[in-house]
Amino acid sequence: MQIGIIGLGVVGLSFASVLGSKGFSVFGMDSDVKKIEKINSKKSPFFEPKLESFLKKALSMSLEISSDIEKVVKNCDLIFLTVGTPKSKS
1 MQIGIIGLGV
11 VGLSFASVLG
21 SKGFSVFGMD
31 SDVKKIEKIN
41 SKKSPFFEPK
51 LESFLKKALS
61 MSLEISSDIE
71 KVVKNCDLIF
81 LTVGTPKSKS
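Heads up, the sequence shown is in UniProt numbering, so the first residue is 1 and it goes up one at a time.
Hints were generated in silico from the structure; no laboratory data involved.
Among these hints, one or two may not hold up.
Below, in silico cross-link-like pairs of lysine to any residue (SDA-like), each with a Cα-Cα straight-line distance of 25 Å or less [said to hold, decoys possible]:
| no. | residue 1 | residue 2 |
| --- | --- | --- |
| 1 | LYS38 | PHE15 |
| 2 | LYS35 | ASP68 |
| 3 | LYS43 | PHE15 |
Please construct the entire structure, taking both the sequences and the accompanying hints into account.
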């Protein structure tokens, strides 16, 4: 089963890294090219305890990162949308 995760912020990247490090086939997608480059160089774009160790293992096993949303939609059996939700003042 191919799992897709759209949005690689704190929630999305953490989720993708843990799933990938456990052997699940994961495709992570984000529109921020600089973030993708950093992730693909095995560096987290933000601090989250233990994330880089999960990320390194996941990238070496079964995690693929890209900005290609079409690939996620066409090839994934299960898709999680993990994009930020703006806060309203009301």
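25 Å limit on alpha-carbon distance, applied to hinted pair LYS38 and PHE15 = holds (17 Å)
Restraint status (C-alpha distance of LYS43 to PHE15 at most 25 Å) = holds (15 Å)
CA of LYS35 to CA of ASP68, is that 25 Å or under?
-> holds (14 Å)
Figure legend: structure checked against the earlier numbered hints; every hint is met.
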